[in-house]
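Novice: Protein chains in written order, with numbering that gives the first Met the number 0: chain U, 0 to 137; chain A, 0 to 137.
Since the hints were made in silico from the structure, they are not lab data. We put the CB at the ideal spot given by N, CA and C, even for glycine. Take these hints with a grain of salt, some might be off.
Below, a list of computed lysine-lysine pairs in the DSS-like style, where the Cα atoms sit at most 25 angstroms apart [unchecked claim]:
{"#": "1", "chain 1": "A", "residue 1": "Lys106", "chain 2": "A", "residue 2": "Lys96"}
{"#": "2", "chain 1": "A", "residue 1": "Lys13", "chain 2": "U", "residue 2": "Lys13"}
{"#": "3", "chain 1": "A", "residue 1": "Lys106", "chain 2": "U", "residue 2": "Lys106"}
{"#": "4", "chain 1": "U", "residue 1": "Lys96", "chain 2": "A", "residue 2": "Lys96"}
{"#": "5", "chain 1": "A", "residue 1": "Lys106", "chain 2": "U", "residue 2": "Lys13"}
{"#": "6", "chain 1": "A", "residue 1": "Lys13", "chain 2": "U", "residue 2": "Lys106"}
{"#": "7", "chain 1": "U", "residue 1": "Lys96", "chain 2": "U", "residue 2": "Lys106"}
Okay, the calculated beta carbon distance ranges per label pair [stated by the list, open to error]:
{"#": "8", "chain 1": "A", "residue 1": "Glu23", "chain 2": "U", "residue 2": "Gly24", "range": "55 to 61 angstroms"}
{"#": "9", "chain 1": "U", "residue 1": "Gly4", "chain 2": "A", "residue 2": "Glu23", "range": "18 to 24 angstroms"}
{"#": "10", "chain 1": "U", "residue 1": "Arg121", "chain 2": "A", "residue 2": "Pro15", "range": "27 to 33 angstroms"}
{"#": "11", "chain 1": "A", "residue 1": "Gln89", "chain 2": "U", "residue 2": "Arg8", "range": "29 to 35 angstroms"}
{"#": "12", "chain 1": "U", "residue 1": "Leu25", "chain 2": "A", "residue 2": "Arg121", "range": "37 to 43 angstroms"}
{"#": "13", "chain 1": "U", "residue 1": "Ser34", "chain 2": "A", "residue 2": "Gln9", "range": "35 to 41 angstroms"}
{"#": "14", "chain 1": "U", "residue 1": "Lys13", "chain 2": "A", "residue 2": "Leu38", "range": "40 to 46 angstroms"}
{"#": "15", "chain 1": "A", "residue 1": "Lys96", "chain 2": "U", "residue 2": "Asp71", "range": "44 to 50 angstroms"}
{"#": "16", "chain 1": "A", "residue 1": "Gly42", "chain 2": "U", "residue 2": "Pro30", "range": "16 to 22 angstroms"}
{"#": "17", "chain 1": "U", "residue 1": "Pro30", "chain 2": "A", "residue 2": "Arg8", "range": "25 to 31 angstroms"}
From the structure, some residues in chain U lie toward chain A, with a derived Cβ separation under 7 angstroms [stated by the list, open to error]:
{"#": "18", "residue": "Ile14"}
{"#": "19", "residue": "Phe49"}
{"#": "20", "residue": "Ile83"}
{"#": "21", "residue": "Ala85"}
{"#": "22", "residue": "Gln89"}
{"#": "23", "residue": "Ala90"}
{"#": "24", "residue": "Arg94"}
{"#": "25", "residue": "Leu98"}
{"#": "26", "residue": "Leu105"}
2 protein chains.
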Amino acid sequence: MLTIGAVARQTGLKIPTIRFYEAEGLLPAPPRTSSGRRLYGDGHVRRLAFIRHARQLGFELPQIRNLLELADHPERPCGDADAIAAENLQAVQARLKQLRALERELKRMVDACATGRAGRCRIIEVLGDHALCAVDAH
Amino acid sequence: MLTIGAVARQTGLKIPTIRFYEAEGLLPAPPRTSSGRRLYGDGHVRRLAFIRHARQLGFELPQIRNLLELADHPERPCGDADAIAAENLQAVQARLKQLRALERELKRMVDACATGRAGRCRIIEVLGDHALCAVDAH
DNA sequence: GATACATCCTCTAGTTACTAGAGGATCAAG
DNA sequence: CTTGATCCTCTAGTAACTAGAGGATGTATC
Numbered sequence: 000m001l002t003i004g005a006v007a008r009q010t011g012l013k014i015p016t017i018r019f020y021e022a023e024g025l026l027p028a029p030p031r032t033s034s035g036r037r038l039y040g041d042g043h044v045r046r047l048a049f050i051r052h053a054r055q056l057g058f059e060l061p062q063i064r065n066l067l068e069l070a071d072h073p074e075r076p077c078g079d080a081d082a083i084a085a086e087n088l089q090a091v092q093a094r095l096k097q098l099r100a101l102e103r104e105l106k107r108m109v110d111a112c113a114t115g116r117a118g119r120c121r122i123i124e125v126l127g128d129h130a131l132c133a134v135d136a137h
Numbered sequence: 000m001l002t003i004g005a006v007a008r009q010t011g012l013k014i015p016t017i018r019f020y021e022a023e024g025l026l027p028a029p030p031r032t033s034s035g036r037r038l039y040g041d042g043h044v045r046r047l048a049f050i051r052h053a054r055q056l057g058f059e060l061p062q063i064r065n066l067l068e069l070a071d072h073p074e075r076p077c078g079d080a081d082a083i084a085a086e087n088l089q090a091v092q093a094r095l096k097q098l099r100a101l102e103r104e105l106k107r108m109v110d111a112c113a114t115g116r117a118g119r120c121r122i123i124e125v126l127g128d129h130a131l132c133a134v135d136a137h
């Protein structure tokens, strides 16, 4: 059983952020010591690491709530879970496309630099292109 | 030359957001009509699309400012540009790793669902793992 | 057992990155 | 020349944290 400070160190989250996620219902309220201090287990830590990474990947809290729901109840009417998974898969794949394009361009710049020639930077064009943006180009 | 509304429609950004990016110095102030309305060109639109996509990929405004600097001055002392590019490349590759893991898992779930068997959801494990998180696991 | 320093608690307020709305001017169509 | 859409600035609200005040508890040391 870990204190909130230990969990913060392990996950890289700030202490108030952990309490915030609990208040938001993303993390189940952990048991407390007799004096009221929170005690976390491995499940909590994994869930928090998941939330952190998902946030770093640009998912918003409602989407993360959504994914956690899916993880928590995979046995529900298959259609529901499938719809959520499929929808999120699309969002993930759109992000992947753009990130790969950005990666290519940054690599090209680093390489160009290594060989002396500066060459111009095309990252704006690369990420400015809506063709790669399958999400909501509307 | 486009009005701010047209640019908003093209980029998917809200009008106040465009003005906000201008105030933050991420977008150069465009010329104005005699009555004070903003008029944008293609460069502005591309730059805004870049900002939008970068934000969707989880980059924060300071990082985006950083990348825009790189794009705006690729001829600067090569070391600088290279350092920025290399640093961002690392961040991009870490995100790619996690997104690919998440993609695999969501695909697996959709597939499992298609063939009838529900199977349990491992997305938390997949993104909860710090091994994939090269950025700042500290 | 007393002192001291870290860590925890709750609660309020501040920050970042938008987003909505008020109040008013300007433009484009009919 | 009026009507409706669009623009302007400015202030205030929201989401997702983040920092700090004020106070209790835990732990290590003498």
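Novice: All hints are to be evaluated individually against the structure, with a verdict given for each.
Specialist: So, going through the hints one by one against the coordinates:
no.	hint	verdict
1	A:Lys106 to A:Lys96	15 angstroms, holds
2	A:Lys13 to U:Lys13	31 angstroms, violated
3	A:Lys106 to U:Lys106	28 angstroms, violated
4	U:Lys96 to A:Lys96	13 angstroms, holds
5	A:Lys106 to U:Lys13	32 angstroms, violated
6	A:Lys13 to U:Lys106	32 angstroms, violated
7	U:Lys96 to U:Lys106	15 angstroms, holds
8	A:Glu23 to U:Gly24: 55 to 61 angstroms	33 angstroms, violated
9	U:Gly4 to A:Glu23: 18 to 24 angstroms	35 angstroms, violated
10	U:Arg121 to A:Pro15: 27 to 33 angstroms	29 angstroms, holds
11	A:Gln89 to U:Arg8: 29 to 35 angstroms	23 angstroms, violated
12	U:Leu25 to A:Arg121: 37 to 43 angstroms	18 angstroms, violated
13	U:Ser34 to A:Gln9: 35 to 41 angstroms	58 angstroms, violated
14	U:Lys13 to A:Leu38: 40 to 46 angstroms	43 angstroms, holds
15	A:Lys96 to U:Asp71: 44 to 50 angstroms	25 angstroms, violated
16	A:Gly42 to U:Pro30: 16 to 22 angstroms	57 angstroms, violated
17	U:Pro30 to A:Arg8: 25 to 31 angstroms	52 angstroms, violated
18	Ile14	15 angstroms, violated
19	Phe49	4 angstroms, holds
20	Ile83	9 angstroms, violated
21	Ala85	5 angstroms, holds
22	Gln89	9 angstroms, violated
23	Ala90	9 angstroms, violated
24	Arg94	6 angstroms, holds
25	Leu98	5 angstroms, holds
26	Leu105	4 angstroms, holds
The structure is inconsistent with the numbered hints 2, 3, 5, 6, 8, 9, 11, 12, 13, 15, 16, 17, 18, 20, 22 and 23, although it conforms to all the rest.
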